[in-house]
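J.: Letter by letter, the chains look like this.
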Amino acid sequence: MDKSQAFLQCANCKKILFSIEFEQNLRVCPHCGHHHRLPAKLRIDLTFDEGSFQELDTDLRSIDPLSFPEYEEKRKGAEAKTGTFDSIISGSARIDDNPVSIAVADFTFMGGSMGSVAGEKITRTLERAAEHGMPAIVFCASGGARMQEGLLSLMQMAKTTAAAARCAEVGVPYIAVFTDPTMAGVLASYASIADIIIAEPKALVGFAGARVAKQAGVSKVPDDFQTAEFVFKHGMLDRIVPRKEMRSTLSTLVKTLGGNLRTELIKEDVPHG
Amino acid sequence: MAKNFDEWNRPLKELEDGIDKLKDFAKKETNPAKKTDLESKIDELEKRRDNYIEVMFQRLGPWEKVLVARAPKRPYTLDYISAIFTDFVELQGDRRGFTDNAIIGGPAMLDGKPVMVVGHQKGRNIQERQFRNFGMAKPEGYRKAIRLFDMAERFRMPVISFVDTPAADPGVESESRGISEAIAAGMFKMFELTVPTVAIVIGEGGSGGAIGIAASNRVLMLEHSVYSVIPPEGCAAILWRMPERGADAATALKLTAEHALQLGIIDEIVKEPKGGAHRDPLEASQIVKSAITRHLAELTPLAPGEIKNERYEKFRKMGIFEVA
Chain Z
1137 MDKSQAFLQC ANCKKILFSI EFEQNLRVCP HCGHHHRLPA KLRIDLTFDE
1187 GSFQELDTDL RSIDPLSFPE YEEKRKGAEA KTGTFDSIIS GSARIDDNPV
1237 SIAVADFTFM GGSMGSVAGE KITRTLERAA EHGMPAIVFC ASGGARMQEG
1287 LLSLMQMAKT TAAAARCAEV GVPYIAVFTD PTMAGVLASY ASIADIIIAE
1337 PKALVGFAGA RVAKQAGVSK VPDDFQTAEF VFKHGMLDRI VPRKEMRSTL
1387 STLVKTLGGN LRTELIKEDV PHG
Chain X
79 MAKNFDEWNR PLKELEDGID KLKDFAKKET NPAKKTDLES KIDELEKRRD
129 NYIEVMFQRL GPWEKVLVAR APKRPYTLDY ISAIFTDFVE LQGDRRGFTD
179 NAIIGGPAML DGKPVMVVGH QKGRNIQERQ FRNFGMAKPE GYRKAIRLFD
229 MAERFRMPVI SFVDTPAADP GVESESRGIS EAIAAGMFKM FELTVPTVAI
279 VIGEGGSGGA IGIAASNRVL MLEHSVYSVI PPEGCAAILW RMPERGADAA
329 TALKLTAEHA LQLGIIDEIV KEPKGGAHRD PLEASQIVKS AITRHLAELT
379 PLAPGEIKNE RYEKFRKMGI FEVA
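Top to bottom, those sequences are chains Z and X.
Quick note on numbering: the first sequence equals residues 1137 to 1409 in this note's numbering.
Quick note on numbering: the second sequence equals residues 79 to 402 in this note's numbering.
Think of the hints as simulated: they come from the structure by calculation, not from any bench.
You may find that some hints are simply not true.
[Claimed, not checked] If you want the footprint, here are the derived chain Z segments under chain X, 3+ residues with CB under 8 Å:
{"#": "1", "stretch": "1153-1159"}
{"#": "2", "stretch": "1342-1348"}
[Unchecked claim] Between beta-carbon pairs, the in silico distance windows are:
{"#": "3", "chain 1": "Z", "residue 1": "K1356", "chain 2": "X", "residue 2": "K125", "range": "24 to 34 Å"}
{"#": "4", "chain 1": "X", "residue 1": "N129", "chain 2": "Z", "residue 2": "G1219", "range": "37 to 47 Å"}
{"#": "5", "chain 1": "X", "residue 1": "F209", "chain 2": "Z", "residue 2": "R1347", "range": "51 to 61 Å"}
{"#": "6", "chain 1": "Z", "residue 1": "P1205", "chain 2": "X", "residue 2": "K395", "range": "22 to 32 Å"}
{"#": "7", "chain 1": "Z", "residue 1": "K1151", "chain 2": "X", "residue 2": "Q340", "range": "49 to 59 Å"}
{"#": "8", "chain 1": "X", "residue 1": "F233", "chain 2": "Z", "residue 2": "K1369", "range": "29 to 39 Å"}
{"#": "9", "chain 1": "X", "residue 1": "E270", "chain 2": "Z", "residue 2": "T1388", "range": "22 to 32 Å"}
{"#": "10", "chain 1": "X", "residue 1": "T378", "chain 2": "Z", "residue 2": "R1347", "range": "52 to 62 Å"}
{"#": "11", "chain 1": "Z", "residue 1": "R1347", "chain 2": "X", "residue 2": "K395", "range": "45 to 55 Å"}
{"#": "12", "chain 1": "Z", "residue 1": "K1356", "chain 2": "X", "residue 2": "F176", "range": "39 to 49 Å"}
{"#": "13", "chain 1": "X", "residue 1": "F233", "chain 2": "Z", "residue 2": "T1388", "range": "39 to 49 Å"}
{"#": "14", "chain 1": "X", "residue 1": "R137", "chain 2": "Z", "residue 2": "G1371", "range": "44 to 54 Å"}
We put the beta carbon where it would ideally sit given N, CA and C, even for glycine.
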């Protein structure tokens, strides 16, 4: 989707769309309702109070601890493409004036995969929420754990889950939003143990990616397999929320679930980058 | 590259079959001179066998470790349970409508002290393998484990996890019942526990399926076990679209116990009997038992809150990155 072009094509129904209209519609196709993926920065702008986002953890850089084939090249390519250093942007923001600790994943950075840096940023996001008594909101978009960091990536599943347990222990609400796609190691860790789980319509949500599942002998699957709707039907989601209602839904939940947090602590203690 | 353990193990198997045959001949031989001759030949072959094992197992490559970790005769969780614990009673059911046979567990006594044991269980023949779903647990397996973790907390029992799974079950049923949530909830529960927890990877530590019962205070690995973020064949399928390049993926993934120790993921490599745990399951069990009791002895004196914090801090440190 090149911004400079006046027209573009819907990735789903292939109809031709006006760029301006498409952007005004939050990159949702006006014809078929397909929710196109959003870059993390744009997601933040669309969701939280204008100018309220303070990015944190900007100094974390992935390295190549396993000397994994082509990892350096892939990561450098992703850095050049996205202008960011990893698949997660984290920090603090406000939603209708209420402070929140947030992390937003960017699928365009190596499939949103979780290595040491992404795991650390999610962990810090949840720890800041627990420490400062502000609700946590995490937008997920990931193919899963980052293979190229091997076991270190697997351990990020445990680390991030531990941080979510800490939020639960101190009574700070944690909301996860599944956007397209939310898979594998991310789904099987911090994403699935949030207090509230919301998904965007038609988002791919599942445990085993197609190639891995095929390798394990999974063949016949239902038509809606691994969609937000399938997962919702099976009781694994609270709600499927269209993008245009996302901000107001999150805001309301922050207001209600976060209503008993000690507000004096929140106002003084919001960390700044 | 051998595709499975039996193929890889063929030279050794042939050597041992030869030794067995000669022993048969020697038993039947009546001529004393010929008998002595046969016996010295047997002696020589046994030395060759020992030497072969010594050399082979000193320098197992990552893929060879995968094959050994998957060896059909390797001791499984139930073998360790019967050798290490007494009074084990297997408990079943997730209390949500389902039962699972790939994760087993229940209370037992370890040297006269109560513990809760949980582990993946594989099968040895075709029927058993199907019954155990090849050691791939469905959501109900993790939910049963969570029940047992809760019970362990209530009755102040340390939790011992035996890890041996290729992966969690990736099928339609598992997705329908929330396999991802079940794994995440397993870890979440483990982080809430205030009793000591020790996990040991005895064969395959297969990604989420493994960590779902292994977010423990201490994590140990048997010398020839493997622990990986993704099965090597799955990694090869994603990286090169060639699942048959599992051996290359195994090398790239650094899935051996030595690497896990170097990366700060595990606390100890537990030595196996010569030639691997499958050659002497009883000795392997004794070594595993002493490692478990040693770590429990270190954890038991800690206050409940400390045990929980120690676990948090342990996993909190995991990850390697730079600060610019």
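J.: Determine for every hint whether it applies to the structure shown.
T.: These are the hints, each one checked on the structure:
1. 1153-1159: It is violated, with 0 qualifying residues against the three required.
2. 1342-1348: holds (count 6)
3. Z:K1356 x X:K125: 24 to 34 Å: Between K1356 (chain Z) and K125 (chain X), where Cβ atoms are some 55 Å apart, the hint is violated.
4. X:N129 x Z:G1219: 37 to 47 Å: Taking Cβ atoms as reference, N129 (chain X) and G1219 (chain Z) lie about 59 Å apart, which means the hint is violated.
5. X:F209 x Z:R1347: 51 to 61 Å: Check failed, 28 Å falls outside 51 to 61 Å.
6. Z:P1205 x X:K395: 22 to 32 Å: Given a distance of about 27 Å, which is inside 22 to 32 Å, the answer is holds.
7. Z:K1151 x X:Q340: 49 to 59 Å: For Q340 (chain X) against K1151 (chain Z), whose Cβ atoms are near 54 Å apart, the range 49 to 59 Å holds.
8. X:F233 x Z:K1369: 29 to 39 Å: holds (38 Å)
9. X:E270 x Z:T1388: 22 to 32 Å: The hint (22 to 32 Å, Cβ to Cβ) holds, given that E270 (chain X) and T1388 (chain Z) are roughly 29 Å apart.
10. X:T378 x Z:R1347: 52 to 62 Å: violated (45 Å)
11. Z:R1347 x X:K395: 45 to 55 Å: With Cβ atoms ~32 Å apart, the hint is violated.
12. Z:K1356 x X:F176: 39 to 49 Å: Between K1356 (chain Z) and F176 (chain X), where Cβ atoms are some 21 Å apart, the hint is violated.
13. X:F233 x Z:T1388: 39 to 49 Å: Since the Cβ atoms of F233 (chain X) and T1388 (chain Z) sit about 42 Å apart, the hinted range of 39 to 49 Å holds.
14. X:R137 x Z:G1371: 44 to 54 Å: For R137 (chain X) and G1371 (chain Z) the Cβ distance comes to about 50 Å; the hint holds.
Hint compliance for this structure: hints 1, 3, 4, 5, 10, 11, 12 are not met, and every other hint is.
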